[in-house]
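The residues making up each chain are set out below.
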Amino acid sequence: MDILTLFVVIPVLTITAILFVKDIKHVRVVSATGMGIQLILAAVLVFMYLSARKAGADEQMLFVRDYLWFVNPNIHYAVGVDGISVVMIALTSVVLFAGIFASWEVEFLTKEFFVSLILLATGVFGFFISIDLFTMFLFYELAVIPMYLLIGIWGSGPKEYSAMKLTLMLMGGSALILAGLLGIYFNSAPEGGQLTFNILEIAKVTIPMSAQRLFFPLTFVGFGVLGALFPFHTWSPDGHASAPTAVSMLHAGVLMKLGGYGAFRVAIFLMPEAAAELSWIFIILTATSVVYGAFGAIVQKDLKYINAYSSVSHCGLVLFAILMMNQTALNGAVIQMISHGLMTALFFALIGMLYGRTHTRMINEMGGLMKVIPFLSVCYVIAGLASLGLPGLSGFVAEMTIFVGAFQHTDVFHRVVTIVAVSSIVITAVYILRVVAILLLGPTTDEHHEHLTDAKWFEKVSVVILIGSVAGIGLAPYWLSSMIGTSLQPIVVKILATNPF
Amino acid sequence: MINFSYTIWILLLPFLVFLLLGLAGHKLKPKLSGLIGTTGLGIITFLSYLTAYQYFFASEKVDGVFQKIIAFNGVWLQLTENLHIDIGILLDPISVMMLVVVTTVSFMVHIYSIGYMHGEKGFERFFAFLSLFSFSMLGLVVATNIFQMYIFWELVGVSSYLLIGFYYTKPSAVRASKKAFIVTRFADMGFLIGILILSFNTKTFDFITLTSLTGPAITQTGGAAFMGLSVITWSMIFVYMGGVGKSAMFPFHIWLPDAMEGPTPVSALIHAATMVVAGVYLVARMFPIYAIAAPDALNVVAYVGAFSSLLAAVIACTQTDIKRVLAYSTMSQIGYMMLALGVSGYGGHDGLGYMASMFHLFTHAMFKALLFLGAGAIIHAVHSNYMTEMGGLRKYLPITHATFLIACLTIAGIPPLSGFFSKDEILTAALHHNKLLFAVEYAVAGLTAFYMFRLYFSIFWRKETHYHHTPHEAPLTMTIPLIILAIGSVFSGFIPFSELVTSDSMPFESHIEMAVAIPSVLIGIAGIGIAYIMYKKETSIPDRLATTFKYSYKWAYNKFYIDEVYLYITKNIIFRYISTPIAWFDRHIVDGTMNLIAFTTQLLSFRIRNYQSGQLQKYGFVFVTGAIALAILFAYLWK
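Read top to bottom, the protein sequences are chains A and B.
For the first sequence, the positions run 1 to 501 when my numbering is used.
For the second sequence, the positions run 502 to 1140 when my numbering is used.
Rather than coming from a laboratory, the hints here were simulated on the basis of the structure.
Don't take each hint at face value.
Derived pair list, reagent style DMTMM-like, types lysine to aspartate or glutamate, alpha-carbon separation capped at 25 angstroms [claimed, not checked]:
no.: 1; chain 1: B; residue 1: K622; chain 2: A; residue 2: D2
no.: 2; chain 1: B; residue 1: K671; chain 2: A; residue 2: E447
no.: 3; chain 1: A; residue 1: K371; chain 2: B; residue 2: E621
Chain B is nowhere near these chain A residues, computed Cβ spacing over 12 angstroms in every case [to be verified]:
no.: 4; residue: R65
no.: 5; residue: E191
no.: 6; residue: W280
Taking beta-carbon pairs under 7 angstroms as the criterion, some of the chain A residues facing chain B (in silico) [stated by the list, open to error]:
no.: 7; residue: A17
no.: 8; residue: V21
no.: 9; residue: T328
no.: 10; residue: A437
no.: 11; residue: L475
A quick note: this is a predicted structure, and the numbers were derived from the prediction, not measured.
Cβ atoms here follow ideal geometry from the backbone N, Cα and C, with glycine treated the same way.
Taking the hints into account, I'd like the entire structure generated from these sequences.
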């Protein structure tokens, strides 16, 4: 069996194993072991990928496997990875592993919870390894549906409403994506011949412009819904607020990245001509969401809402960078996906831990927590500093790459929107420091909070892994950036071949 | 050729100390953490002095010019084909000078803090943050490229945030730290935009290429212009915006006085001697571009500097919190340095202003750190920040009194103390360039002498206030740094700066111009004299003056209401008129639309559901009616 398929098989085996154990403790241990193996496997994959590239493998995708699945339509189970998918897989493994430890104390329907959680992850892994559009879509749906159960059953607050809203909006996006994918399929051989869903095959041809004009917006908006594209982001605040900790982590940390990844891999890569023509509309929308999300976060009172709006801003920056369509900006977009994935997972983990102690997420009901629970508070400050783009943490690397990349365009329009996006670094600082000041600093406001206990061992595992990754990328970004950069080259060549700026 | 590769330890060591104290500090005994931090800094100080000695006196000059030496450089992040962020160490006269300044003051502050912070909760955290700050500041100083400078620029910002908010349970400290970070962040946005524009047009971040006289920034001054200024000029103005924020120049100065909420050693290190001069250092670093390619931007530097120095001096005359007086004094003195750069030319004697600015930066670091540490000793003794609650302290604090007096005389520009020399060079440079700016700075010199001695007489003379317990002199760990810095303040004026640190790294002859020196000493003495009459003894003159000039006094006392303007912008405009409507719009309009779609769908489905009622009669009725309607339709169409 090839290494990529293992990424789908191991979660499935883990789920099967969970179904056979009875004790809650064993469920946790089995999940943690399974996802630990997955994490190791991801590390092995990174290593194998790098050594293959070093040995001179210069195909766009490595470890390619292709099995025919349906003859008509021509659907294959086709997998393959480039540097971008490899780092996304690594991100998913890290966040998932941290997520398992963050939900160590789930006591209601524990078994079912972990099964759904890992099922969701299976979809995500499958999505990142696929190079067949249809298989990709299949895994995409597989990732979205368990979300409904996870929020609807284990959530809090108006959970049924939020779960329904989130699922319906994402399903709406899926409908657009499906239409777009079929459109691409039926135009994948404009000069006659076998129609195909294979991304690499489609990339070799130029889809007719008339078709691109129709299907680019469909796929971009469809994936954009998941990537919190303004104005289709409103599932995010409600959904995150109601979701249990690990689900918020996975959702904001990984699932939202499916949107950015899909928009980039399918919409931009396969239809660059229409992308160049129509990008201005989406650039305006994404630049808006960068600033709009940040301003929206300033006045929120619920920690999860703050983080949801902050995600709108940060994910807006991902899509913004993708639309800039040059090597540097695209590189920045991928780093921003990783960086946002890690730090937002960290935020949600910490929020969950705070909620578990104080039973509130309202910042005005808490205060001065630094004195009581220093470990969690310091971690929250670090997460905040990463979010506002402090050098030495991952956010800075991503943002600077994006800004420099976007500024390479010589026309006034791109320059102006870049400067608009740059202004977000100030607004982000405002809302992050506001939360830190109210929540953690100052005197303890609620006397019930004076006897809280600090992080337990499994919480520390979860948080330390994420902080380590955030700091690792922030301190030594070169390897990550160059790994992504190499993989971007064939993509950028295709984009530039059609629209030299 | 001397191998400077050991300078890498100047950066690595404080970072390692920070990691050690940050991760394991709470497990160590406080005393040990203090010792580790201080020893680490001692080693770095030694290395910096060694570097300075070798650079200035042992390395070879080419045609009498100090060479720029890259001691270390590595690519940190590749951005585009040409643009890459490096982390490295650049040695040239100003960076080596700054190494000396930063490590000296930082070392003194470390020693001082062992005494000052003794018994405080979070002692090890304090030393961890001090190490982080030292690391960031040294990284900023030795930056080989503008992006490295920006990286460390942000890091000093966050160290400053952490240290201002050191007493994190105190709401005023929390507010001050937040304000400092956000105001400087806003300015840094300008810096970043400046870097983007500059790097796009020159295709490099590298300082040596940027400031080379044959480099792209200086030779390609033509090209697209916007509002009558060239692209390079605009980028340099934006870059300067970062400097305005960090160096607390008008209009971004509002964070500095509030930053005094931090522990006093922090104020001495960060908010007096090192971080706040980063803006000056930035302009000096890019000076050839300012002087040759962007003279308009350089004029902005000069006028902003002059205005800030006047504004701050006026405000300083009315404040009663001794640390705030010193904070405004810092702002005023940095204004001096900015002005000196602004009136300077490039090369030879034209570069007098540049040399004077660096000279003043050096001497100011010594005497201002001394003033702050002295203020710390005073506050330590009387547990108050307000000069109204002090008086007659000379008997109780003899060492502090003597060193504080030296510092006051130095800043007032009394020869032969160091402040006299550096200030005199600045005034000379201003006189030759711009008479208006000279006049402003001349007046500021008088004001400076006045408010410093107002402070001095109020604290050490006047009528003795009733103290709860008798004030006593600070321990040795605190007085020794005071004495060392006092020695620095007295003698650093004799360092031949025009031979070492000049705009084109070529020594030139400079001498004291009596036509400037004599009047400037006289106005200094006049300022001291007025302060003597008003504050040496308890008199009613200050109060009477305050009532006579009621409105101007009130404006100055309230810092010209600039804080209120900012408060209005943040509270009202950003919170009330931007964020709140956006949040409302998002929840009600955008989300409302989504809910409306869902609601409409539901409503429609309820309607449609009626057609699937399962009642046969109804189906039959619809079937027959439909059939008849179709029949009529067909009949009509067939005709």
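A quick look at each hint next to the structure:
1. The suggested pairing of B:K622 with A:D2 is violated, with an alpha-carbon distance near 57 angstroms, which exceeds 25 angstroms.
2. With a CA separation close to 17 angstroms, the supplied pair B:K671 and A:E447 stays within the 25 angstroms bound.
3. Between A:K371 and B:E621 the alpha-carbon distance is near 14 angstroms, which keeps this suggested pair within the 25 angstroms criterion.
4. In this structure A:R65 is separated from chain B by more than 12 angstroms, as the shortest Cβ-Cβ distance comes to about 32 angstroms.
5. Non-interface call for A:E191 relative to chain B: holds, since the shortest CB-CB distance, roughly 35 angstroms, exceeds 12 angstroms.
6. No Cβ of chain B approaches the Cβ of A:W280 within 12 angstroms, the least distance being about 20 angstroms, so the stated non-interface status holds.
7. Checking A:A17 against chain B: minimum C-beta separation of about 37 angstroms lies over 7 angstroms; hint violated.
8. A hinted interface residue such as A:V21 counts as satisfied when its beta carbon comes closer than 7 angstroms to some beta carbon of chain B; here the least separation is about 37 angstroms, so the hint is violated.
9. For A:T328, the interface hint holds, the least distance from its beta-carbon to any beta-carbon of chain B being 5 angstroms, beneath 7 angstroms.
10. The closest approach between the C-beta of A:A437 and any C-beta of chain B is roughly 5 angstroms, which is under the 7 angstroms cut-off, so the hint is satisfied.
11. Because the beta carbon of A:L475 sits about 9 angstroms from the nearest beta carbon in chain B, more than 7 angstroms, this interface hint is broken.
Going down the numbered hints, you'll see the structure goes against 1, 7, 8 and 11, while the others check out.
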